[in-house]
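Colleague: Protein chains in written order, with the working numbering: chain P, 2 to 194; chain V, 102 to 546; chain U, 13 to 534.
These aren't lab readings, by the way, just hints derived from the structure by calculation. Bear in mind the structure is a predicted one, so any value in this text is a computation, not a measurement. Ideal Cβ placement from N, Cα and C applies to all residues, glycine included. You can take every hint at face value.
Derived DSS-like pairs: lysine-lysine, alpha-carbon spacing no greater than 30 Å straight-line:
#1 V:K316 x P:K184
#2 P:K168 x V:K296
#3 V:K301 x P:K6
#4 V:K316 x P:K24
#5 V:K296 x P:K6
Pairwise CB distance ranges, derived in the manner of DEER restraints:
#6 U:P163 x V:I422: 14 to 24 Å
#7 U:P163 x P:T80: 36 to 46 Å
#8 U:T398 x V:L152: 20 to 30 Å
This is what each chain is made of:
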Amino acid sequence: MSVKKFAVAVYDDEAVLFPAVKKVRSAGYKIHDVYTPFAVHGLDVALGEKESDLHVAGFIYGITGTATALGFMGWIFTTDWPQNFGGKPTFPLPAFIPIVFELTVLFAAVGMVLTFCYLNQIMPGVKKHIFHPRQTDDKFVMAIEVTDENAASTEAFLKSTGAEETKVEMAEADWWYGRFDQKEEYEIKQQLA
Amino acid sequence: MHLKYESVIREALVDGKKDYHQVTEDICAPIENKPTKLWKIGFFLSASLLLFGVFSVGWEVYWGTGVWNLNRTIGWGWDITNFVWWVGIGHAGTLISAILLLFRQGWRTGVNRAAEAMTIFAVMCAGQFPIWHMGRVWDAFFVLPYGNTRGPLWPNFVSPLLWDVFAISTYFTVSLLFWYSGLIPDFATIRDRAKTKFRKAAYGLASFGWAGSAKHWQRHEMLSLVLAGLSTPLVLSVHTIVSFDFATSVIPGWHTTIFPPYFVAGAVFSGFAMVQTLLVITRKVLKLEDYITIGHIEAMNKVIVLTGSIVGVAYLTELFIAYYSGVLWEQEAFRLRVMGPYWWAYWAMMTCNVVSPQLFWFKKLRRNIWFTFFMSIIVNIGMWFERFVIIMSLHRDYLPSSWSYYTPSWTEVGFYLGSFGLFFTCYFLFAKYFRLLPLRKSSLS
Amino acid sequence: MKSRNRRGAAWSNNPWLQEMPDPITKCTWDNYVIMSPNRAKKMGAELTDLNEVDRDKKVFSIKTNGKEVKLPVLVVPGVHDDVIAVALGYGRSKTVGKAAADLGVNVYPLMGQDATGNLSFYAAAVDLKNTGETYQLAITQTHHSYQNDRPIIHEYSLNEFKKDPNQLYNKRKDALGHYTSPDGVVHHGGHGDAGHDAHGAKDAHAAQDAHGEAHADPHAAAANATKTEEDWQEAYRKNGTLYPNFESHGMKWGMSIDLNSCVGGGSCTIACQAENNVSVVGKNQVLLVHDMHWIRIDRYFAGDPTKPDSIQTLFQPMLCQHCDNAPCENVCPVNATNHSSEGMNQMAYNRCIGTRYCANNCPYKVRRFNWRDWNEADCFDDNVYTDGRRDDINDDITRMVLNPDVTVRSRGVMEKCSFCVQRLQGAKATAKKQGRLMKDGEAKVACQQACPTDAIVFGNVNDRESAIFKLRYEDQKERVFHVLEDIHTLPNINYLSKIRNASEVMSRNPEEASHGSEKAHA
Chain P
2 MSVKKFAVAV YDDEAVLFPA VKKVRSAGYK IHDVYTPFAV HGLDVALGEK ESDLHVAGFI
62 YGITGTATAL GFMGWIFTTD WPQNFGGKPT FPLPAFIPIV FELTVLFAAV GMVLTFCYLN
122 QIMPGVKKHI FHPRQTDDKF VMAIEVTDEN AASTEAFLKS TGAEETKVEM AEADWWYGRF
182 DQKEEYEIKQ QLA
Chain V
102 MHLKYESVIR EALVDGKKDY HQVTEDICAP IENKPTKLWK IGFFLSASLL LFGVFSVGWE
162 VYWGTGVWNL NRTIGWGWDI TNFVWWVGIG HAGTLISAIL LLFRQGWRTG VNRAAEAMTI
222 FAVMCAGQFP IWHMGRVWDA FFVLPYGNTR GPLWPNFVSP LLWDVFAIST YFTVSLLFWY
282 SGLIPDFATI RDRAKTKFRK AAYGLASFGW AGSAKHWQRH EMLSLVLAGL STPLVLSVHT
342 IVSFDFATSV IPGWHTTIFP PYFVAGAVFS GFAMVQTLLV ITRKVLKLED YITIGHIEAM
402 NKVIVLTGSI VGVAYLTELF IAYYSGVLWE QEAFRLRVMG PYWWAYWAMM TCNVVSPQLF
462 WFKKLRRNIW FTFFMSIIVN IGMWFERFVI IMSLHRDYLP SSWSYYTPSW TEVGFYLGSF
522 GLFFTCYFLF AKYFRLLPLR KSSLS
Chain U
13 MKSRNRRGAA WSNNPWLQEM PDPITKCTWD NYVIMSPNRA KKMGAELTDL NEVDRDKKVF
73 SIKTNGKEVK LPVLVVPGVH DDVIAVALGY GRSKTVGKAA ADLGVNVYPL MGQDATGNLS
133 FYAAAVDLKN TGETYQLAIT QTHHSYQNDR PIIHEYSLNE FKKDPNQLYN KRKDALGHYT
193 SPDGVVHHGG HGDAGHDAHG AKDAHAAQDA HGEAHADPHA AAANATKTEE DWQEAYRKNG
253 TLYPNFESHG MKWGMSIDLN SCVGGGSCTI ACQAENNVSV VGKNQVLLVH DMHWIRIDRY
313 FAGDPTKPDS IQTLFQPMLC QHCDNAPCEN VCPVNATNHS SEGMNQMAYN RCIGTRYCAN
373 NCPYKVRRFN WRDWNEADCF DDNVYTDGRR DDINDDITRM VLNPDVTVRS RGVMEKCSFC
433 VQRLQGAKAT AKKQGRLMKD GEAKVACQQA CPTDAIVFGN VNDRESAIFK LRYEDQKERV
493 FHVLEDIHTL PNINYLSKIR NASEVMSRNP EEASHGSEKA HA
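Throw the hints in and build the complete structure from the sequences for me.
Modeller: Next up, the structure:
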């Protein structure tokens with residue numbers, strides 16, 4: 002748990018968000034994150050994010066599935082218990098293709114989703130700070146980590162980039178186990194303050 | 102600046118000028134308001150059917166498969182017909198969400214969430230049939246390659262039925278993952294809009310703590326794309342493998358190489374029809390006419406007329422090949438299919454699947470909601486008959502001494518009705534508690 | 013009027029016999045009137061092509077000697093147009109026992125006396141009326157012709173056979189013999205696709221000839237040709253498929269069934285039922301075509317149904333063919349049926365989950381499924397099927413009729429002819445204990461033992477001294493055929509063609525018949 006202070010800007014439209022991101026980055030601010038209600042294509046590039054390597058992981062999982070299926074069935078039919086089914090060969094490769102293909106897809110898909118969840122640190126019971134209740138609806142939210150000293154100036158700068166609304170708030174930067182129907186301690190403290 | 106892959110904009114597929122928030126409001130409305138009377142009636146009916154299905158299956162499991170009218174000659178009847186039928190219906194969902202995503206077809210947005218859900222529910226229904234059709238269903242786990250104490254005893258990996266086990270379970274899993282990973286951000290939206298504690302907690306769990314970070318969205322897009330890429334060959338493979346159940350056998354009328362493409366086309370055909378049926382009802386019941394537009398419906402009707410014609414060509418090809426092969430068994434099987442005791446099923450199939458969809462060449466009919474609804478039912482009836490006709494190749498095969506006939510018993514019909522109950526119960530729950538339409542940029546344009 | 017196979021009804025309380033299909037009508041559990049198609053047509057009870065669809069039979073009233081009974085009609089070709097026949101021994105009272113009680117109708121009251129005062133088994137004047145009512149008869153075979161051109165049975169008239177005993181052999185060789193390559197070497201696999209195209213294969217051979225064999229010694233070539241003659245069956249086995257060939261060393265069980273000797277009496281069916289604990293299912297289940305017999309006798313008629321004299325009847329015992337390339341084995345998802353090294357197709361009941369895929373994929377339709385709990389052998393209580401079963405097999409005493417060497421199958425599993433594997437294993441064990449090889453004929457299967465005409469020969473085909481080997485490859489080789497040989501299932505059961513002592517074989521289709529006569533002229 003590391004509760005930090007963030008300057009938060011809320012934008013109404015991605016047409017405003019994109020120039021804002023550029024301005025903020027060229028002004029030397031390090032953007033903590035941008036939250037959008039849907040995938041905004043090109044935003045990752047604007048933020049300087051590398052392309053995701055998730056598909057590579059998927060390929061490796063898929064190959065693992067192929068090898069597992071072939072190896073397992075081959076071992077069973079040729080070594081563990083070779084049998085005669087309707088006179089078919091003991092290593093009937095064409096008859097293995099369906100299962101090999103299915104396991105390839107299964108391994109790739111399941112592996113990728115698990116990796117996706119791991120990389121994004123999401124799973125049931127995980128909670129993350131929601132800076133603005135409409136960031137999953139129609140608003141675009143940018144958060145910059147600030148200190149007590151530069152909070153006001155950052156907020157003012159964000160205001161100048163066209164933000165509809167700005168604020169400074171304490172927020173948990175990371176994920177934690179929690180329930181969305183309960184307020185966290187730091188949130189209550191902040192509200193009281 | 103944005104939307105690297107956006108396709109060329111055609112006509113706007115969301116009617117009325119709506120901003121993002123309005124879209125969210127509209128789409129979330131069915132979830133957040135009290136259920137409508139229509140919804141309640143629909144849910145009650147479906148749940149009753151489901152209960153009747155549970156009773157029928159329970160009856161069958163207790164007394165034995167003999168309560169079905171299958172016999173020593175015709176070992177599969179309504180059970181496997183319904184299995185293949187439901188799988189076929191499920192396929193359209195994947196095709197719509199995956200293939201249309203790959204092809205960047207904007208219009209999919211109006212239908213894809215419902216279609217994906219339909220896939221999941223249809224595969225659930227389909228899976229019921231091969232499970233409960235077993236004589237000893239309590240031993241169904243024998244099909245899994247698990248380590249056991251009986252020596253090196255494994256399933257038979259060359260059996261098409263075992264391929265089915267792998268294909269259907271993989272298909273179900275991948276569809277579920279694809280669907281759920283798409284739903285995570287939607288759940289997050291509902292969570293953040295939720296007024297009650299329970300909703301916040303429940304949708305909080307369901308949303309996996311999704312916050313909408315840019316990096317996460319990037320990975321999410323990648324995940325969707327690759328899952329779509331995997332689902333596309335998967336969906337083709339699944340119905341291909343289902344067709345192998347028949348194609349790899351020695352029974353004339355089953356033993357034919359045309360089955361894989363023919364089954365896949367049939368699956369798309371019946372699946373799109375089922376999506377139509379659901380959409381026409383859904384847009385009415387949940388008042389989503391602005392989002393599921395006549396444009397969507399017309400686009401889908403075009404697919405129906407195309408696949409219907411492909412299926413028609415396949416039927417004629419089958420007849421021709423049977424004649425041209427010079428193989429007595431094949432010729433007899435197809436003669437009996439057209440003119441034998443099950444002639445009525447064959448001609449029902451021909452009328453519903455090949456002849457009637459041709460009416461969709463007329464634009465007026467394509468854009469007529471009620472006609473579309475009517476046709477979607479007709480097509481599904483026709484596709485049911487297609488599977489029935491194929492499976493009934495069993496009734497007269499090699500040795501005339503074993504020729505037989507089959508009509509279903511009440512438990513078989515009950516099981517089938519029950520699968521509708523399961524499907525619609527799930528669908529009604531889904532339409533009420535999950536977001537039916539996804540929020541995507543391309544839906545606005 | 014004659015009772016059949018129940019010895020004047022003395023055995024009518026035996027459910028095995030009640031459920032055994034009548035050799036001609038294939039009907040179980042009832043008596044009925046049989047009449048010719050012509051008469052039936054006249055009286056509105058004709059036989060339709062959709063026999064299996066219309067299970068309802070018309071009920072007729074029969075009046076003679078001042079008495080009347082009502083009985084359902086079964087139309088049987090070959091009956092004289094002016095004759096009807098009814099089986100005696102039905103309509104027994106409850107005191108006879110469960111199986112026979114109130115089954116069918118007692119027609120003894122119809123019988124008059126002849127001049128000497130004995131019971132007369134016929135009545136000359138009968139008043140026959142269609143009552144318009146219907147009644148369902150449990151018939152196990154509803155289709156009666158083998159459709160003329162379906163090559164599942166081969167029959168020849170005696171003259172045809174005398175003229176050219178090798179007709180069938182040559183026919184088979186023409187159809188299947190092109191898998192042999194000219195050098196006489198039997199190649200492994202590979203010919204799968206070419207196999208269906210005789211001309212393609214011949215062309216390939218011709219090309220090969222032109223290439224390598226041009227300078228070969230003509231005598232050697234001739235020697236090779238003879239070798240090829242003998243090997244074509246082996247070549248078809250090995251080259252007619254993409255699959256490898258599984259050799260059976262030691263034992264390879266085989267059976268031969270002589271269609272000439274088979275009289276269709278059905279004692280094999282009952283012997284098998286007794287030996288292998290085959291369940292009786294009762295009339296209602298036979299109506300649903302859930303009969304369980306492991307060996308059945310298919311009865312086919314040939315000829316013109318409107319001319320009773322033209323009708324020829326043929327019996328073909330049908331049981332698991334123990335195919336070496338068994339279609340049923342491939343498709344079982346759980347490995348419940350596979351092939352033994354002795355050429356047997358074996359069932360593991362314990363492993364079976366009852367998908368019925370094997371039965372669907374069996375071209376001979378000989379697999380039998382336990383649709384219900386017949387024997388209190390599944391894991392549910394109180395769900396034994398009793399409705400109209402009329403047997404007492406679940407009674408503690410009656411149960412002792414079960415063969416302890418054979419598993420009693422539970423509901424939901426597939427079963428079929430096992431070649432009486434318990435007897436084979438027993439015989440092998442005896443020989444082994446005595447430290448010797450098994451003798452031919454030491455192991456007999458139940459149907460073989462029971463057959464009164466010795467139509468069934470069984471033994472080890474790998475043993476060149478065995479009766480089955482001699483019959484198949486020497487004594488009767490020109491009569492041997494396998495059912496559905498062309499689909500390459502490689503059955504271990506062969507049949508011997510039917511040779512009729514008749515001038516004409518009615519089942520032959522017209523073209524072939526005329527072809528045959530052309531040949532005769534030439």
